[in-house]
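> Here are the chains, one letter per residue:
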Amino acid sequence: MKGSLIIVGCFLLGAFLGWLKVLPAWTVQSDLSSYVLYALMLQVGIGIGSDAKLGQILRSIRPRLLLVPLATITGTLLFSALISFVIERWSLSECLAVSSGFAYYSLSSILISQLKEPTLGVQLASELGTVALMANIFREMFTLLGAPLFVRYFGRLAPICAGGATTMDTTLPVITRYAGNDLVFVSILHGILVDFSVPFLVSFFCQL
Amino acid sequence: MFTVISILFSGIFIGYITRRFPFWEKINRPITYTIYLLLFLLGISVGHNPQIMDNLATLGMQAFLLSAAGTLGSLCFAWLVYRFVFQRRKEAKE
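Line by line, the protein sequences give chains A and B. Those letters in the first sequence? Residues 1 to 208, per the working numbering, in order. Those letters in the second sequence? Residues 1 to 94, per the working numbering, in order.
The shape of chain A in the complex, shown without the other chains:
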């Protein structure tokens, strides 16, 4: 919770300072954020590769459990594709890129605003990045607030799938509370797998 607030806070602080136009020009240039992004991706990769528990987790997966993240990804992309016809501003692949954040708002918004720059230009890429940020924050909020409703109308797995990439940390407490303690492992595994898929899917759709 605190982490989420700090992340949003950093964004708002930057937005405020950017709006006031008090910062030197080099901070607005995208080169800086590209390099910081590369640094982030390197660290994320190292974090994944060096995780001692990773092998253990991968080996203990029962194939059936893979259906849960698969449901999340398929359902999200399908319905997002449908709604993209209603949203005139953005193309199908752009909408899919946004939805591929699966509530992982920090990484997806950063990736999209960077990756879309060559094709859309700084202006539109930042807009799409902002949409991604908001959309994925909303998704996390929907899950946190709607978990009991989801369980009631869509079954016990519902809040896990709704939570997307956040189900191993942020939404885990609310999931265990309303879906049951026995789903802890499913939720964590789901979170890890979906989290892992975000950079790949977002990058993929940004390039289409």
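Please note that a few of the clues may not be correct.
Covered stretches of chain B (chain A as the covering partner; in silico rule of three or more C-beta atoms under 8 Å from a C-beta of chain A) [what the hints assert, rightly or not]:
| id | region |
| --- | --- |
| 1 | 5-19 |
| 2 | 60-67 |
| 3 | 70-80 |
None of these hints come from the bench; they were simulated from the model. Cβ coordinates follow ideal geometry from the N, Cα and C atoms, glycine included.
Position chain B relative to chain A; hints supplied.
Structure of chain B alone, referenced to chain A:
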């Protein structure tokens, strides 16, 4: 484009071959701070951008539609999986 993914994989590779080093256990801290920095930079480029600031409501609506659709899609498929996979298993056990 591919740069990002290849850097990610390079990181995974480096992390894997050096996994014995206790050094990496603390990798989450720098990642968190890097994320803070990047969101800050994103915030700057957004705040600096009158077209975004003026159209927040529109962008927000697009964001809402996308997130609602995506969430709903996941919920529906979650229901399918729960109903046809997990519950059938349960019936088979009983």
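> Against each hint, give a clear statement of whether it holds in the structure.
Now the hints, each set against the structure:
With 14 residues having a beta carbon nearer than 8 Å to a beta carbon of chain A, the region 5-19 of chain B meets the requirement of three or more and the stated coverage holds. Given a C-beta distance limit of less than 8 Å, the hint that chain A covers the region 60-67 of chain B holds, as 7 residues qualify and 3 suffice. Coverage of a stretch by a chain is defined here by at least three residues with a beta carbon nearer than 8 Å to that chain's beta carbons; for the region 70-80 of chain B and chain A the count is 11, and the condition holds.
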